[in-house]
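S.K.: Spelled out from the first residue to the last, the chains are:
4 protein chains.
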Amino acid sequence: MRFRVSSELFYRVEGPTTLLFALKGIETEGQKILRESLHVDPEVPVDAFSVGEGMNRFTRIQTSFSGQLQVRYEADIETSIRLEDGHELLPHGPGDLSPEAITYLFPSRYCQSDRLRNQAFDLFGHLVEPYPLATAICDWIFEHVAYRQGSSNEKSSAVDTLEERGGVCRDFAHLAIAFCRSMNLPARYVTCYSHLLYPPDFHAVIEVFLAGTWYVFDPTRLAPLNGLVRIATGRDAADAAVCTIFGGSLLNGMQVICNSLDETFTPINWDTLQQSHQAIALL
Amino acid sequence: MRFRVSSELFYRVEGPTTLLFALKGIETEGQKILRESLHVDPEVPVDAFSVGEGMNRFTRIQTSFSGQLQVRYEADIETSIRLEDGHELLPHGPGDLSPEAITYLFPSRYCQSDRLRNQAFDLFGHLVEPYPLATAICDWIFEHVAYRQGSSNEKSSAVDTLEERGGVCRDFAHLAIAFCRSMNLPARYVTCYSHLLYPPDFHAVIEVFLAGTWYVFDPTRLAPLNGLVRIATGRDAADAAVCTIFGGSLLNGMQVICNSLDETFTPINWDTLQQSHQAIALL
Amino acid sequence: MRFRVSSELFYRVEGPTTLLFALKGIETEGQKILRESLHVDPEVPVDAFSVGEGMNRFTRIQTSFSGQLQVRYEADIETSIRLEDGHELLPHGPGDLSPEAITYLFPSRYCQSDRLRNQAFDLFGHLVEPYPLATAICDWIFEHVAYRQGSSNEKSSAVDTLEERGGVCRDFAHLAIAFCRSMNLPARYVTCYSHLLYPPDFHAVIEVFLAGTWYVFDPTRLAPLNGLVRIATGRDAADAAVCTIFGGSLLNGMQVICNSLDETFTPINWDTLQQSHQAIALL
Amino acid sequence: MRFRVSSELFYRVEGPTTLLFALKGIETEGQKILRESLHVDPEVPVDAFSVGEGMNRFTRIQTSFSGQLQVRYEADIETSIRLEDGHELLPHGPGDLSPEAITYLFPSRYCQSDRLRNQAFDLFGHLVEPYPLATAICDWIFEHVAYRQGSSNEKSSAVDTLEERGGVCRDFAHLAIAFCRSMNLPARYVTCYSHLLYPPDFHAVIEVFLAGTWYVFDPTRLAPLNGLVRIATGRDAADAAVCTIFGGSLLNGMQVICNSLDETFTPINWDTLQQSHQAIALL
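Chains as they are written, first to last, in the numbering used here: chain F, 1 to 283; chain R, 284 to 566; chain C, 567 to 849; chain B, 850 to 1132.
Just so you know, these hints were derived from the structure itself, not from any lab.
These figures come from a predicted structure and were not determined experimentally.
Be aware that a few hints might be false.
[Said to hold, decoys possible] The calculated lysine-lysine pairs, modelled on DSS-like cross-linking and capped at a C-alpha distance of 25 Å, are:
| hint | chain 1 | residue 1 | chain 2 | residue 2 |
| --- | --- | --- | --- | --- |
| 1 | C | K721 | B | K1004 |
| 2 | B | K1004 | R | K438 |
| 3 | C | K721 | F | K155 |
| 4 | F | K155 | R | K438 |
| 5 | B | K1004 | F | K155 |
| 6 | C | K721 | R | K438 |
From just these sequences and the hints, can you work out the full model?
M.R.: Below, the structure written as structure tokens:
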């Protein structure tokens, strides 16, 4: 699938500020950047680098003036996915996990899996197979947490979301990751462009490591899982925030677009996957 | 400097369990393993791997029996350090940090720097130079937090320690890391063997990234900073725990030793460094 | 019913200390003190007073020495109860509550009903009648929280217990009270002597205000509900602790006894009440 | 002093709702209601009662319609104060407190003095005399917490405010009360009308029990302490909220006025009291 993505962000900056952006699609085995461009207005020092074995491409912008800053990214990106029969995804334990997945069992800032262990076992302890377990976790969150703007903030964590029972995609993802790790399923956070997400915005979903592969799940059920373009991957939003600001800046406008460049796009949604017992991997 | 280190741990295991150990000294530019051995009794499947760019060497042990498990590691390890004049360590901001340090600015499970920002600025906002800042943070913790066994547990975080005003080396390190990150100093957690630590045990200290190098600080002031042998490095104890247990195991005995193999060992303590305004790096 | 109760507490005191005890049975319409005595050794200043409309009788002890303090209370107390058909307890709302019950709708230190509202509605929102609602809350806690010494401390609150899924009678009571208040049922904390509680100790249960009367519930199901002797009543353990210490004292021994003085005692347990759909009030 | 106070509140109600208001000035030894009136539009069932030994006068309103509700209270109220030399206020301990003050040593929902004890002793442990101690607590809060709308919400507690370092009068009061209780000074929450408060609103201050009398302190320093008209008194905002809503109502407008009816009003502010080392009591 090919997508044309763009994001335009406006900040009010006050003096010396560093803005660290994760806006660009990354290159993976199955995701290719066909073309891309980044414009920053006014012209300020910009550098770029990758961390986390290439799973995050950071753009760093330094400002020293006070005023309006505009950042605009546009790209055409090709993605590919793989579908797998969920029942084929055999259980594995921490004992046979590949090293790359081990650290995604550990608790992180917004996914305090160590604190949620007893609650997770109470809710999901009867499930043994990994695919039904990951599915049950995401279903539970969809059914018990309300998607509600304004009920959370940038400090909200999985523990808070479980209490508050409300949040946005970031909060849904954090709670799902925390529950997965509590149940010994490695899980990580993905920031992405998302086709057919309404209203258009950046999106956050999770990946769960099942039988050696990372499969994508979205407890919000807000957008098709084959319409995602990966921007950043990490333990939680601390690693994969669209923008981390050091200094005095305030976002005061944003527009995000993700359109399909293919003639037809057949959305693969949660219910499609449920009926066919399939899991989907972003390659 | 050369050290003979050993650790012997006893667990009561109950059925299928995975134990993930960080016991072994790691190899770095300045730290060399001269010889080492690991014994596990009874004989069970053991594998080993490194993650985090070699900064953590994990030993993974699988048990399926119920009973007593003994793990014993012994090694001779050579370490080296570098001393630097603290006043030469010029300020840098997030804008000129090398990518490897960037992620150590982010909050983590036990170091919620985002939640401590206002308190950190209140306490330390008058300090501009990085070396005095890192020093002031560690001094404040030494003076305002009591070293007290039993006042914290494995879920305790920097926020808890700041409230409780008590903890052990792990808690001191977490709070120091959180304050550093709040003040835009990258900081990370180091688990180590520690010569002249009394009573003998594993130790936890922190490293702060100053002018391009990681310097070690110990807010507990319990042991000389040139007597440390690095075992594991990470964002916090979630990454660098001596043992992470998946399943039903209970530690019921431990002995840790770190002796000098050199004829003389001249300890470099906190007060030595303070008087000479020096910072110390583990190479 | 008549009970002979006694409690003997030993403290190590260090210099000037005030100990505020709630040890004595209180007098109510249905609970009469037949005889009682209090011994404090060594002899120190003691005064006594009641607060909260007589629902708490405090004994205040002042020490200025360092050493061992012994406090011993003995009493014969007559109690009476009333049984009511649970289905007769019609719903009432905050609009027709008597003023005395209103404050028991408010959140308190260890019963943060305002924070648990969304979780309470998720679990119990389908229940309308007050007796089934209070019963369902206590049943849920019995089934989802483990009675476990050492998993909580004197700072643990309902929010902590819901996360930890473990605690003692104090924690069970706090969580039950918080859930009740979240669902607009006034609820309060009762410290009592408890016949047939094993091992013998003080006990904590809750009272819920249903159709104009306070009915007693015990989410631990550890002791018969007609074997309780009321000591103190309050919003939570902050009001009704057996001992609140101001200064340096440490409990180092305790013995609590509650024996029946009647020839026969027919315990009314949770299952008896459930089968007969009855609620029980301490008069 | 005589004040003309009024408050007008507008709610959007949705179906059956109970609103519990503390809007009316209360009668005390030194505070007299000269005249008062309450209007509710549309006409709905209203009742009134006092709790807490008359320190709270509740007005309860029941609605069953959906639409706009207006509540308007107007009164002329006479108040009196007493000034005392702060140095005359001798220390007392929990051992010689009058029973009425004892419960104000206990932690409450928004004033978790048990959790703040170590921090309070660290900050204020060098102070022995009660008046300088209460003053130091309020000064510290004024200097280290920013008065900032929107940085807190109705669930925010003293622990949160200490972390966030921002809040409104309610949050300042909660933190001050918690610190006082941590230091064994009984302290309570007062909701009031406040002359010369800008912008006009309800106000929250604290009372501290010093040498047998409740003295008023205001860590916000926003209004003169002789311009307060007492509405409600309690352990914290859980007891003394202006409006507690059971059901679906939303405040969508409010106007509060407190004018002096005297020819001259000489404000007694924090700095006046500081210079003369005086404490002020609302009679």
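S.K.: Which numbered hints does this structure break?
M.R.: none
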